[in-house]
Structures are given as structure tokens and as C-alpha cells.
Amino acid sequence: MKKTTINSAHYHLGGKMIDFFGWDLPVQYSGLSEEHNAVRTNGGIFDVSHMGEIFIKGDSALDAVQYITSNNISKLKPGKILYTALPNEKGCFIDDMLVYMITDKEYLLVVNAANLEKDFKWISSKVERFGVSTENRSDEYTQIAIQGPNAEKLLTQFTNDKITELKYYYFLMGKVGNIDAIISRTGYTGEDGFEIYFKSDEKTASDLFIDLAEKGKDLGIIPAGLGARDTLRLESKMALYGNDIDDSHTILEADLGWILKLKKGDFIGREPLLKQKEEGISRKLVGFELTEKGVPRHGYKVFVDGKHYSEVTSGTFAPFIRKPIGLVYLPLEHSEIGSKFHVEIRGKQVEAKVVETPFYKRSS
Amino acid sequence: MDLKNYKFSKDHEWVKLEDDMAVIGVSDYAQKEMGDVVYIELPETGSSFSEGDTCSNIESVKAVNDIFTPLSGEVVEVNTSLEDTPENINTDPYGSGWIFKIKISDSAELTDLLDADQYEEYLKGI
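Just so you know, the protein sequences line up as chains A and B, in that order. Per our numbering, the first sequence runs over residues 1 to 364. Per our numbering, the second sequence runs over residues 1 to 126.
Among these hints, one or two may not hold up.
[What the hints assert, rightly or not] Per the computed footprint, the stretches of chain B lying under chain A, defined by three or more beta-carbons under 8 Å from a beta-carbon of chain A, are:
id, segment
1, 58-67
2, 106-114
[Said to hold, decoys possible] Below 25 Å or equal to it, Euclidean Cα-Cα: the simulated SDA-like pairs (lysine to any residue) are:
id, chain 1, residue 1, chain 2, residue 2
3, A, 353, B, 64
4, B, 32, A, 18
5, A, 153, A, 242
6, A, 16, B, 50
7, A, 340, B, 39
[Claimed, not checked] With the Cβ distance kept under 8 Å, some of the chain A side facing chain B (calculated, not the full set):
id, residue
8, 22
9, 32
10, 159
11, 213
12, 280
Worth flagging that the hints you see were computed from the coordinates, not collected in a lab. Glycine included, each C-beta is placed from N, C-alpha and C at the ideal position.
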């Protein structure tokens with residue numbers, strides 16, 4: 001199994017390890033709900049080094065990245081980040097990713113670990129004609145996410161860079177400890193926080209993670225695993241590739257119209273998306289709550305008007321808002337707030353209703 | 001906690017005998033493994049099960065967990081207070097977190113169960 005540079009720290013901190021797409025990573029340390037709620041109230045630190053880092057470099061880097069994405073990359077300036085789809089020719093998802101503009105000739109794409117090889121192959125072949133270079137440098141980078149209302153207080157103890165002035169979805173090239181790092185004000189939890197990318201050996205990375213956990217204690221910040229990462233992102237209605245978005249649902253159907261900029265010029269998937277925008281969608285990803293007792297889970301069958309229509313794409317009992325919630329594709333005419341349908345749980349039909357999303361939104 | 005009156009299955013349920021009845025719940029190890037319990041589907045009073053049958057489901061944030069009855073028999077009582085306070089399974093697994101009571105139909109099955117010391121040894125090997 002693949003190990004991140006932080007691997008030994010997970011064992012040291014009592015992480016419960018699992019095989020996550022070939023990576024030996026902690027699903028939890030002290031407990032999923034405890035970690036989830038710590039991130040909502042104080043903070044958590046996560047090893048997310050499995051994420052993929054792809055660099056696009058060259059004179060036509062902007063044109064190349066524009067061509068493979070749905071969002072408008074020309075809106076970026078150096079130091080700014082955009083969330084976008086990596087669409088296929090049908091306007092569905094090969095992946096979703098963050099685009100970091102380093103200079104007008106260099107962009108960093110941060111992609112899902114499980115899709116890295118597929119993405120790299122796709123991107124390399126599609127940007128070839130722009131004469132840019134594509135580098136998969138995922139193995140070089142360690143990535144730590146510090147998330148939660150106290151994240152800034154913790155990170156300021158580790159850097160002299162002006163992170164308090166860093167706005168959401170901006171990054172800077174700075175230092176954490178003595179290590180050169182990309183410090184990014186982003187995250188996958190619905191809280192304020194940072195994602196830090198750096199190159200280091202195992203000892204330095206593990207020591208830093210343990211040091212963050214140690215100094216985090218006074219701020220109520222604890223190490224958190226993949227379990228909490230999943231429930232936190234779901235409570236904040238952030239899509240997960242493979243669950244909520246995939247290569248058979250379009251950007252519009254996924255209700256991610258805000259990352260679709262049809263007027264930006266040509267890009268892969270534009271034609272079918274333009275057509276769908278004109279004609280309208282027939283199904284849509286919505287958030288729901290169960291109105292009866294039970295917990296919806298990924299893959300459970302969903303019935304609309306008594307007929308099997310789809311499956312729950314993501315579901316859990318949300319640890320902070322204390323409700324059974326999930327996401328599902330519903331027919332457009334059944335997707336309005338309050339609309340009722342059923343989820344089959346161990347052979348029983350349990351009633352659910354469409355609700356406003358995100359399920360949780362931070363107050364500040 | 002003194003567990004000398006408790007017996008355990010390898011599936012991490014506990015049994016406490018009360019004459020020809022057995023009170024059944026899940027062990028402290030099991031509740032820790034499940035994590036934050038949010039909902040329980042209790043067996044129906046009057047239903048009969050054979051040893052090893054799934055008779056209840058406990059939903060934690062993490063996953064749904066099957067509960068197997070370690071003894072055959074008829075369910076004579078269920079802990080309905082868990083419907084409102086399922087978290088008692090986490091906070092008091094050997095007390096207010098009990099799940100159901102069964103009228104034992106085959107007392108020979110009791111010999112398959114482990115006592116507290118044997119169970120502790122068994123956990124070390126997991």
C-alpha cells in the first residue's frame with residue numbers, strides 16, 4: 001500500500017488505518033463524530049497528501065487550462081484559486097478539481113487521488129496541441145489541511161507569512177516551519193481553514209503533523225480522519241466524485257451551474273452543455289432529510305411515486321446538525337423543496353423530503 | 001465495571017442470565033467500534049430467533065451494524081427507551097444500553113459463550 005510522508009505520525013497518534021484507493025490512511029483517531037464536531041467548533045488537522053498535484057506550464061498554459069475546464073480560468077490572477085469541473089465530451093465529470101494560478105504561464109491542478117492517473121492521461125492528451133508541459137508531481141507533495149474556526153490561530157504559530165490577510169480561495173508561497181510551502185485558504189469541510197502543500201522527507205512531515213496536533217490541543221484542534229472529512233463535506237453539500245458526481249451526470253444535473261461558464265469560449269463538453277442549458281435538465285442532484293427514523297447510505301434505492309428511480313449518492317447521519325441526510329438525483333418535477341419520496345432501508349420504505357442545501361452553513 | 005455475571009459472544013454481544021431469561025446487549029468494545037450510535041431497530045416482542053440470527057440493527061454515524069442473537073429463543077422484552085436515547089449504548093453498554101430480553105430455548109448454547117476473562121483474551125487477538 002502507498003504511504004504518505006505522514007504515515008508514521010498516524011500510527012503514533014492512534015489512527016485507525018484503512019486502505020483508501022491504495023493509500024494507508026486513517027479513517028479516524030478518537031472517533032468520527034468527535035472529530036467532525038471538533039472541526040465545526042474548534043478545528044481539525046488532516047493528512048490529505050493522497051490528493052494529486054498536476055502542473056501545466058508554458059506560454060499557452062491559460063488557453064490549455066481553459067480548454068479542459070468548465071469554469072472561467074481567465075478570471076484568475078496569480079495567487080487565486082478556482083473550483084471547476086474537468087468535463088468529458090458529454091459535459092459530465094472526469095473529475096472535479098481546484099486550479100491554482102501561479103503565474104500566467106503556470107497553473108497547478110489539484111485532483112482526486114482515485115482519479116489521478118485517469119486525469120493525468122486525459123489532461124496530457126487534451127493539452128498537447130497547446131504546446132504546454134504537463135507534470136504529475138503528486139508524489140513530491142505532502143498536503144495537510146487545517147480546518148475550523150481556530151485554524152488561523154494554530155497556523156500563525158507555524159509561519160511568519162501574513163496568513164491573516166489571506167482571503168478565501170487565495171494562496172501564497174511561503175514557509176511553514178522552515179519548509180517552503182504553498183499556503184492555501186481552502187478546504188473540504190465547510191469551515192474556514194488552510195491547505196498546505198510542501199515537499200519534505202518523512203521525518204519532517206510526520207514531526208510537523210505531530211507538532212500541529214500537540215499545539216492544537218490548547219485550541220481544541222485534534223487530528224481528524226477520512227470519516228470526518230466525508231461527513232463534513234456532505235453536511236456542507238460539497239460533491240464527492242464517484243458518489244455525487246461522475247461520468248454519467250452533467251455539470252447542470254449536479255446543480256453546479258456556477259462552475260459552468262458557457263460564454264468563456266470553446267472547451268471540452270461545451271456543446272452538449274449548451275444544448276442542455278437551452279433545453280433544460282430532466283433530473284437534478286438535491287439534498288434530502290429522512291422524515292422518519294433511519295440513516296440513508298450511499299447506494300440505497302430511491303423510489304419516486306412508488307417507482308425505483310435512482311440511488312442515494314451520499315448519505316449519513318450528520319454529526320453536527322444531528323439529522324439523517326443525503327444527496328440524490330431526482331426527476332426535475334420532484335426536485336422542489338418539500339417534495340416527498342422514499343428511500344429503501346433494509347426492505348422498508350422510509351419517507352424523505354427535499355430540503356434546502358447546504359445542510360450546514362458556517363455563520364461567519 | 002464488574003462483569004462476572006456477563007457472558008460474551010465472539011460477535012461482541014453480551015448475555016446476562018435472569019433465571020430462564022437472558023438480557024442481551026453489545027460489549028464496550030463493540031460500542032467503541034461502532035462509534036456514535038444514532039438509531040436502533042429493535043426486534044419485535046414475541047418474535048423468535050435462532051442463535052446467530054440478525055435480530056436488530058444499530059445505526060451509528062459510521063455504518064449500520066447487525067446485531068446477532070447469541071442465544072435461541074423468543075424475545076420477551078425490548079428496551080424501548082433506546083428509541084429516544086440510543087446513545088445509552090455508547091455511554092452505558094452493560095446497563096441502560098441493554099437491547100432485548102430473550103426466553104432461552106436451548107441452554108446448551110450457553111457453553112459456547114465466553115466469560116469476561118476469556119473475552120478479554122479474545123479481544124487481545126483481534
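Tested hints:
no., hint, in the structure
1, 58-67, "holds (count 6)"
2, 106-114, "violated (count 0)"
3, 353(A) to 64(B), "holds, 22 Å"
4, 32(B) to 18(A), "holds, 17 Å"
5, 153(A) to 242(A), "violated, 34 Å"
6, 16(A) to 50(B), "violated, 34 Å"
7, 340(A) to 39(B), "holds, 22 Å"
8, 22, "violated, 21 Å"
9, 32, "holds, 5 Å"
10, 159, "violated, 34 Å"
11, 213, "violated, 20 Å"
12, 280, "violated, 37 Å"
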